[in-house]
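Turn these sequences into a full structure, and let the hints guide you.
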Amino acid sequence: MKSDYRLGIDAGGTFTDFVLADKSGQVRLFKALSTPQDPTLAIRNGLALISEELGVSAEEVVSNCDLCINGTTVGLNALIQLKGAKTGLICTAGHEDSLEIRLGHKEDGYRYDPEYPPATMLVPRYLRRGVRERVLSDGTIREPLTEADVRAACETFKAEGVDTVAISFVWSVLRPEHERRAAEIVREMMPGVILTVGSELYPQVREYTRTSTAVVNAYLAPIMKRYVDAVDAYFRALGAKQPVRYYQSNGGLAIGQAMTDRSVYAINSGPASAPAAGQYVCEPFGKKDVITVDMGGTSFDITLTKDGSTNINKNIDFLRYRIGVPMIQVETLGAGGGSIGWIDEMGLMQMGPQSAGSDPGPACYGQGGKLPTVSDANLVLGYLNPDGLVGGRLPLDAAKAREAIQTHLAQPLKMSVERAAYGMFTIVNANMVNGIRRVTVERGYDPRDFVLVGAGGATAAHITALADAMGIDTIVLPKLASGLCAFGQIISDVKYNYMATAPLRLDNDAAYSRIDQLFAEIEAQGTGHLKSDGFKGKDIVVKRSLDMRYVGQVHECTVEIGTFKVDARSIGKIKDAFHKRHKELYTYAEPNSTVEVVNIESTLYGVVDKPARMTIGKGAAPAKALKGYRDAVFSADGKRVKTPIYDGTPLGAGATIKGPAVIEEITTTIVIEPGWTARLDASGSYLITRDKKGAK
Amino acid sequence: MAARPRKKVEVDPITLSVVRGILETTQREMTLSLEKTARSSVFNLAHDYSTALFNHRPEMILQGQDIPIHLGSLIPAMKVVAKYFEGDIHEGDLIIHNDPAWGGSHAIDTCFYKPVFWKGRLKYWTVCKGHLTDVGGPVPAGYNPNAKEIYAECLRIPPVKVWDRGQPRKDVLNLLLTNMRARRDQEGDFNALIGACQVGERALLAMLEKYGEEQVDACIEMLLDMAEKQMRSLIAGVPDGTYEGAAILEDAGHGFGDFEIKAKVTIKGDSCHIAISSPPQIPYFINSYEGNSHSGVYLGLMMFAQLPPPYNEGLYRCVTVDFGPKGTICNAAEPAPHMNCTTTPMETLTDAVRLAFEKAVPSKVSASWGHANGLNIAGWDKRHDEEYVTMVLATIISGAGATPSQDGWHACGPECCFGALTSGDVELLEYSYPIIIHRYSLMTDSGGAGRFRGGSGTAWEVEPLNDDMTFITFGEGRRIPAVGAAGAASTLVDTKVGRLELVEGKVSETIRENVIRVIKPGDRITNMNPGGGGYGNPMDRAVEKVTWDVKNGLVSIEGAREDYGVVITDPATLSVDMKATEALRAKRRAQAAK
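Just so you know, the protein sequences line up as chains B and S, in that order.
Following the numbering used here, the numbering of the first sequence begins with 1 at its first residue and continues without gaps.
Following the numbering used here, the numbering of the second sequence begins with 1001 at its first residue and continues without gaps.
Wrong hints could be hidden among the right ones.
Now the stretches of chain B that chain S is said to cover, found in silico as 3 or more residues with beta-carbon under 8 Å [said to hold, decoys possible]:
#1 99–105
#2 109–119
#3 293–302
#4 336–349
#5 429–437
It is worth saying that the hints were derived from the structure and are not from the lab.
By construction, the Cβ of each residue, glycine as well, lies at the ideal position given by its N, Cα and C atoms.
Structure, rendered in structure tokens:
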């Protein structure tokens, strides 16, 4: 046995998903409870499940994997719970407070709320130490570094027991030597400390963003290091062939050392693999414009891929902290199976964002939950099997679901339980649709041009309704939906972002050659890193982008460009791409205005071989897989319709099922509304399409 | 524009929720588009803009919670504009307007109105207003402390069509832009505002297409009614009676002395009448026309009502406002100069209304926020050989007031913006303008003392890079600190108010008036913005909270003693003499009780 498997381990809020793909294209999905107190425990438990099922030892599984990949929430949890390390900041004197001033802003939605608290400072004011030094906006040194100030800061940090230090100076992106010298002094005075240098981590314009990014990185680094060291050692002991690769929020893999140095890249890695997975499952259908939606117990994540590439967020507030480094753009809403229905001050029904979570859970779980949730509505509507989910392992109580909806919604709104349940279903769908609008319409995309991919356990019950509301005609729903993100990780490449800053007006040759030179420099650096990780030749792929704007604008628009030489000849192409993007987004362009570049970025990929595709054989015809009928509701009047229920497991490739119908897979339940037809593809996904005429 | 007869339509409660969500999303899309495309740092960084949707009547059906300076101020302006063009509004028209005598707030806020047609009929208006960096006049950026009349402030634009049935009127646009400094930026901002109106139009038409006119109309009527009901039930909870609040508007350098602005709030059942009285208008730029005074009153109301979004005109149906006789500071008439009105006197007007509500419902009130005391800068940028002019938003970011449950936010004001403002990144500002920002920081002892401390104000220190720079100061709050609530008061006052320190060569001076001055490279100015007011008696603040503030440099050792009665004996360890502290606090409490 040699490299028969690839293993993906994705930690979620409730479950850690394990995906094991083998050479033949078989993909197995396992789930173990997540163990946030000791994240490596869930990994051990999951491997025990796998070795039980396969009848071989964990060592044998691991040593037969070409790659083991881990998506972790360690950094995310530390940030949510504010349990990072004690951090000190060394910054330019006079600018110690940019972190706390936060550009002077209070978040929207809380304007008049007297109880909304300020964000907790990851570095309190007394550990933010200013040092005398100054570089100006043209890169000249106005004031040299006063080294004694750095030493004094270190003395304070030592006395206060600081574990990790961030250094971030104004305009260090143009002239990093002051930060570098300060770093040398810190290393000399505090040998054990983990150090983050702003111009190395995030070399882009915007002091506040860079400082905040460096601080979040420093705050998480010791925790990530502890985790990565433990996981690396564990897998090494099991005989892993390759170092474990970790999943980053930029949608790519990284080795452990990179995770420690750039821990801020790890914080939202969970949903970041969804675009890659969505892309992969759509490939057999020749579709490249994909919206992937993932509905779990408490949240709904939306990602978008256009022409095979995914939107990236930079410079956003994440959990109230400004983070600059690229993260796959994930729109997250408080909409999940556990989202609670309630009536607001105006007397309108609302869904979420509060969730019953897994404890007490939806009323129908019978674990003491009294409030009506999306799952309760789906049960009342006849979508979910009252005998239970996960093959009957989780029984559901329909009476409790009805009672919760009756008491809290139907009665106050004076409507039947069915109508109220359908209302809950409609409103949660509308919330999700508004979220999808944010990643499509607000960014200049027409959702009708996209395929909708369902991921996560709860999505499949809503997928045809969502597609209907967005005007989308085609849905791809993989049998593996509930573990799709873990699957996305094992088909991803190693990916590193390299950045540089170049505020330059695009009206002179010197600017063009400077941009060209910067691309060359950062790409040489990136290629070096990938080569030392074993990649070479055509396995190294480079993609470029520029952040551009019209002179005078403050915000930029990111535009992807090819890897051609930037010069007077090619600059027209670059400007045209910017004008075009501006018009798509904001309804107009200014073709005669001067364009300027602010930041430049190259993304370097180390391409990893992909496991073989899953294939479904002939299997049973739908008539053979028919389990029975339920009366389900598909309209606002609450009318019940006799609906066939199919067992998805035995279905063979080509099986076609017309809505209304429900298909029960082991880890998900797919609702096919009237007007839609599902066909199981040999690649293991249902292709669900709108019928030509009279959808609903 | 005859209203069609309204027939009774059954509203599906689910569609109602959905329509509300779409209206909010539409407004968000407009705002986002504006923010991303604008040139003026005053609106893309400062969010000093407002976007709103109106129905055909025109009644405001949704306002985002953009900046409170504009809260409700689009309501009178929209009505004036629609009335002016009554019978002459066509598909493809676009109207511009900025003048306060025509319902505007202050003339630098320039507004675009786009009528949205559906099946040949006027259905909605999408409206975007933003603070441009310049609209002409004798002084860059529009704030002219020497103006005696509105004519000496900037270009006045009454309602004018800039597009006529889809055709841009290039001559009119050119007339307007020719009168403005840094034309490139103003033109870019026109485009951004117009783009945002179109973004709104696109989304509203899609909503009608999907849900049908009849359902959408019925839903919107219902949303207006529901907002009205919500505000009525809130007001019904306030005991009937008349409550008075008064606040001092300090002399900002005009020499007419301090003024008092009064608000009389009368609650009767579920309705509320607010009567304002203010002294006669003066030949100085702090007069407020009615449109702007609306916002001042509504903000005072919202500081009490604390309602979550979304907002529509229904909220104000049960509220009537009397701004006092025409020709007074809060109800100015032509030719009163007015440019500073969105901060001064508005923040004092807001305080007066807030203080009246504090008397009505003492448990539900926040302290006042620091008032704006800011800077505009202008000059020649030798790096690109071009003119620059801007308001520096970083210089008006003050501390927030404390509330009954927590300390005020640092650096979140001023009161008239209520956290909606952003300061702009130091590097972006230095890249855009030829300046060096030596300091942008919180300020020791600037938050108002209280059981809950007011938020810290900010200090912004700047030096011109390579050429002379004109600076213009505006606002106030340089002598009277932000008003506390529930018995809060500070002993150290000078550290809590706004002021400007100027160092020219070896000479330094402190400026507490509105001035226009020119400085050279090597000179420096530091603008200091006030902290927020405290809540409750500072002698009741936990000693550990005071020492933690001292450790973090937000309160000095002197401040601990003077403002909080906490006696720190060792500056290194911050150890506290508890006995001396108890004695001092007892003495202070007794003094306060007298």
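Numbers of the earlier hints that this structure fails to satisfy, in rising order: Failing hint: just 3.
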